[in-house]
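There are 2 protein chains.
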Amino acid sequence: MNTAAGLDHIFRPRSIAVIGATSRPGSIGRELTHNLLSYDFKGQVFPVNPHARFIHSIKCHPSILDIPDPVDMAVIIVKKELVLPVVEACGQKGVGGVVVITAGFKEVGEEGAREEEELLALVQKYGMRMIGPNCFGVINTHPDVTMNATFSRTQPLPGKIGFMSQSGALGEAILAHAHRLGLGFSMFASVGNKADISGNALLNYWKDDPNTQIILLYLESFGDPETFTGIARQITRVKPIIAVKSGKTTAGARATISHTGALAGHDIGVDALFDQCGVLRVNSMEELFDVAEAFDHQPVPRGNRVAILTNAGGPGILATDAAAGLGLDVAALDPSTVAALKAHLPTAAATGNPVDMIASATGAEYRMALRALFDDPNVDSVICLFVPPIMIDEMAVAEAIVEARAQTDKTLLACFMGSQDAAGGADRLKKAGIPVYSFPEEMAKVLERMSQHRAWLNRPVRTAPKPERGITSVRDDLARLARSGQIQILGSEALNLLERCGIPTAPLVGGSGIAELQTAAEKMGYPVVLKLDSEGLAHKTEIGAVIVDIRNADELARQHQALLSLAAKHKLTGANVVLQPMVTGGVEMALGMVRDPQFGPLVMCGVGGVLVEVVRDIAFKLPPLSLDDAREMIDQLKGRKLLAGHRGAPPVDVEALVSALVRLSLLVTDFPLISELDINPFVVCPSGSTSRAIDARIVLAPAP
Amino acid sequence: MNTAAGLDHIFRPRSIAVIGATSRPGSIGRELTHNLLSYDFKGQVFPVNPHARFIHSIKCHPSILDIPDPVDMAVIIVKKELVLPVVEACGQKGVGGVVVITAGFKEVGEEGAREEEELLALVQKYGMRMIGPNCFGVINTHPDVTMNATFSRTQPLPGKIGFMSQSGALGEAILAHAHRLGLGFSMFASVGNKADISGNALLNYWKDDPNTQIILLYLESFGDPETFTGIARQITRVKPIIAVKSGKTTAGARATISHTGALAGHDIGVDALFDQCGVLRVNSMEELFDVAEAFDHQPVPRGNRVAILTNAGGPGILATDAAAGLGLDVAALDPSTVAALKAHLPTAAATGNPVDMIASATGAEYRMALRALFDDPNVDSVICLFVPPIMIDEMAVAEAIVEARAQTDKTLLACFMGSQDAAGGADRLKKAGIPVYSFPEEMAKVLERMSQHRAWLNRPVRTAPKPERGITSVRDDLARLARSGQIQILGSEALNLLERCGIPTAPLVGGSGIAELQTAAEKMGYPVVLKLDSEGLAHKTEIGAVIVDIRNADELARQHQALLSLAAKHKLTGANVVLQPMVTGGVEMALGMVRDPQFGPLVMCGVGGVLVEVVRDIAFKLPPLSLDDAREMIDQLKGRKLLAGHRGAPPVDVEALVSALVRLSLLVTDFPLISELDINPFVVCPSGSTSRAIDARIVLAPAP
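Chains as they are written, first to last, in this note's numbering: chain A, 1 to 704; chain B, 1 to 704.
Because the hints were derived from the structure by calculation, they are not lab data. Heads up, a few of these hints could be off.
Restricting the straight-line Cα-Cα distance to at most 16 Å, the calculated cross-link-like pairs of lysine to aspartate or glutamate (EDC-like) are [stated by the list, open to error]: (1) Lys430(A) - Glu399(A); (2) Lys638(B) - Glu613(A); (3) Lys80(B) - Glu107(B); (4) Lys431(A) - Asp476(A); (5) Lys410(B) - Asp375(B); (6) Lys42(A) - Glu107(A); (7) Lys59(B) - Asp69(B); (8) Lys638(B) - Asp617(A); (9) Lys638(A) - Glu613(B); (10) Lys80(A) - Glu118(A); (11) Lys466(B) - Asp670(B); (12) Lys638(A) - Asp617(B); (13) Lys569(A) - Glu542(A); (14) Lys430(B) - Glu394(B); (15) Lys638(B) - Glu588(B); (16) Lys80(A) - Asp40(A); (17) Lys641(A) - Glu613(B); (18) Lys641(B) - Glu107(A).
Work out the full structure, taking the sequences as your base and the hints as a guide.
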């Protein structure tokens, strides 16, 4: 369930029963009880175990029903066979929420899945909420609650991060690593099998939690992508969401017929989904923590102009390379900044960007230079590097950085390379809320992610045009074809449907013989294109069934004959030879849609020909597309240069392409019967000429 | 200087004078003397300072000339003004080598550079060798030497890594980080300004040092790329060289005229150089250490088939994603391995690859599973993940991994996630020579680099054809044109030169009028191409001066007229309209060469058109090219798919392309007067037709 109702029973309980508590060392029941007590839970803890009288000096009840006081929440650690009766007892006791640590349900197979359904039914029967089964537990560090209901060996630091992990096994690793970095949590939840409380429910809960300012997700799958988008889109305007999504290469194969389908990688849906709701996707757990550290204490930079300050040339260059390589602007410093730096630094120092103060730089020089950089209107963020030279007081440098930072609202990331002393400068910076990294290159990556978040914050809310609820005749035609068992709609039939939905197409003209075709060609004007139009022929070009640039009647007759022979050779009975005006002087694009079983329709756009086929220079988005969404897809293509007028060609009418993409988005949203769609090529012409779809294929889902 | 002669004076001295030694705390002179003594240098140390009688309880001499015993090496830490007289004294004393820590020479400007020249002259006058000036010092951990002649605060561990750093400031960071990771050095050198001893001299020295088995380089520039290639190529067959090269984005602009020149990024020479001599380039300091750890203790995997073993699903998937994403083979396990795993693991375990033993996995299960994976003939390396569950004995798992490893010669990398305890399992593994990483994704990167090294080791030695010492007439023509001040050779003139050098070209036929052209076209056969051939016209297509696919005499006459008007419009006096047969049915390639001021000629290959222009799908190599080099360049292109026969087209004659590339390589090696060259397009045809250069441009260097 997605709703956050009742989650307070789990995250803000006044009393907790630990069912399966023990004092056996090295057991989950012991660790969890111990954590609740030693983390000083602000409420009552009731160990429940028929085989013990006391646990950690607290009276132990044989059953939850024996507890005289009311119980808000129960953590269940009993063996699997006992889970159902225990939950039944919780229901009878009037418990509000249960956290089921016990494993052995859906994750082990069909029988487990059936038992999980029974478990959920029981939970719902009593109006309870449930985290798990098969999870690591939950944490709320709020001073009114201070609950560590996990069996972690690491006590969490309080802070403003909400962390949701779909892997219980990663729980310990996450808490331990966060502790090492000094990252604090508001709440933590290992959601296990998500039988009742889903990731989306947690997002809904954290959306309104004032203590949770940053949300980190470790995801292995999506339950309900559409709901996720809806919630995440609201949250990311206020709180960054940073996610690792694993399982890129293990997703099952998607059965597709279309070109678009073949081009859509299995992971493309996740990227499209995150892109649409401003979730920052990182590539590894390490990057997740790197980025979280920065968001935890530093403001999001106002722009992507970065200044690099160093006392050692090499690391400065490494940081500069990494920043430029990731598309950040290595800021052009204001002349007044350069003048200030020159006035205070030795002549051997470099006062461009990177600013290299050389090894003699003291705390005072760091303070001065940081102030100058923070005051520079051309600088949004500062990367500050320090390689401790023997004659320099490292703590004085750290103090200077802390002081300078206190006077700015710009972003500061630091790197103290090779600083051995844990109690040294790096530690001083961390305590003051300045993220410290071990290597210069990491900081550039972090800033790039922060800039991505800034771009999302700056982006106006987009509204897609409303679907037109279909043109009745198109709907009828599609339904009729699907009922008749037809899977693909090709050639003139497909173009005709697109034309009726507002996507301009180049007409296909048939004829009973060459004379008729010649007359038609004369009328549309040479050059023309001649094609075989056949139901069974999906890949025309590959057998040579498209002949372009026919310039006169004689050539037309000759090629007509050639196509008839080709049809005979390939036994294409019922194939027509059709004529199409040749659309010249434009850029050929490939547009399309494939329906992902999990994420629904994905709209594609790419520059036709080798860019799509050889280098997969394509963009995907989830419809509905706004005009700006369509423009952004086009901007993501390397091939966009061709649209702007390449090597002397005139620029083409990009807005005609935008319009076609939005129409395509409406079409596939409106007609769920269409399971895949290719428009290839769609020729985008210079303004004045009409841009048109030249060929198309529509794949139908079997009729319901 | 590149030679290693005399380097023993510096790296294996029997006695060292520290000139500028002091006992002032926090000074370089104190730290360096202290390091020599506390690291237990196996020889005599003579502090030299006119203002002290004793330093660290050792008699201090006022000048090196006062030392009664012979002195092998002197470390110089005096202020800059005293460096020359001190070096003069060293020479008189008969010192073999000096390490000049003092800075303020070439790195501070012209005057410093002059002083550096004087310093070098002095060193050479006395037949000494010199490291520096402006450096961090040198280390040799060999038990017969145990010399730490740096001012580092970290004492190096002994080991088999030779580390050369071009940045002195990074010295401390490098030593401290290596210490944290437990990486040991055979030798370390901060080479500073490299006035005498260059990086290449050190490579030559380490080539023959049996204690140095792995070489790490931090480079900011290349002194002599050709020598580097020659030495590195020999070393990498025996010892891996791993390098960080900084300064990607800061290299000065290269002035170029050609298309090839514009396409060659400033960093392309470094990649081409490393590629040619088997040096592994890594992208960051962090990766340098990650990769070094693996080479330090583990064998290079025999192939790139990796097995992943885990006790937690999530991290297993993260490792699998990363491995597959980097092009490693996620091994298909042998059925006998799967059977062995099934027999010993619980039913909930996954026995495919990744092998997920689930959280209950004990040391015994790790031992069994690792043995099974190491015995599997389909597995070259194993990534072993462990997320410590509360009920599992971490040390037992670590012991099991250590035991299993002792019985294999396959590669093993491990990740103990969230292991808090420094004295725990991770530490146990490290002590046993198993690299331990913090996150699953890092290991995939490391294995990918190791596989790259394996591929280099497996690659037969390549021999490029010998240059033909030029065709005399071509040499004469080029010299004549250069003397006349001509910069570019275009059109028919350029094609003619290529043809004479063995690269087939499509003939250009001129004519005095349309009738003559029509006769010629009839003779070569329609379709034909008509072009403007003019000295001042380098970008024909952009003004529409190339008309392709002309199919008959009438069209020819019309287009001839159009080109004459175009020539008039663009005031191209002396332009000829020329005819060329249209080469159809092939794949258009772009070939070329640009001469880099540092790396010399770089040969380029790419698929013509949008792949080169829009996505820069290009490969560069340093000539001379062997046939295999040329094939490898083609293999590196995404567009190679087009050569194999794309969408029904016949495959083309790749060997004709290989031959053209090798000819091009010979041409530019043979004629240094050619500073840039474009062949665009070079049409590669199916076997049976001749592949040909259609257009070309040669840029000449000014005549000497």
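Taken at face value, is the distance from the CA of Asp375(B) to the CA of Lys410(B) at most 16 Å? Holds, at roughly 9 Å.
Starting from Lys638(A), check that the Cα of Glu613(B) is at most 16 Å away, please. It holds: about 10 Å lies between the C-alpha atoms, which stays within 16 Å.
Going straight from one Cα to the other, do Lys59(B) and Asp69(B) come out at no more than 16 Å? holds (13 Å)
Would you mind confirming whether the straight-line C-alpha gap from Lys569(A) to Glu542(A) stays at or under 16 Å? It holds: about 14 Å lies between the C-alpha atoms, which stays within 16 Å.
Has the given pair, Lys42(A) with Glu107(A), been kept, meaning a C-alpha gap of at most 16 Å? violated (34 Å)
Hinted pair, alpha-carbon criterion (16 Å max): Lys80(B), Glu107(B). Please report holds or violated. Holds, at about 13 Å.
Verify the proposed pairing of Lys430(A) with Glu399(A), using a straight-line Cα cut of 16 Å. Within the cut-off at roughly 11 Å; holds.
Do the alpha carbons of Lys466(B) and Asp670(B) lie within 16 Å of each other, as the hint requires? holds (10 Å)
Hey, Lys638(B) versus Glu588(B), does the alpha-carbon distance stay inside 16 Å? holds (14 Å)
Quickly compare the C-alpha distance for Lys80(A) and Asp40(A) to 16 Å and report which way the hint goes. Violated, at roughly 29 Å.
Next pair to validate is Lys638(A) with Asp617(B); report whether the Cα-Cα distance is within 16 Å. Satisfied, since the Cα-Cα distance of roughly 12 Å is no more than 16 Å.
Are Lys80(A) and Glu118(A) close enough, with their CA atoms no more than 16 Å apart? Answer holds: Lys80(A) to Glu118(A) is near 13 Å, not above 16 Å.
Of the numbered hints listed earlier, those contradicted by the structure are 4, 6, 16, 18.
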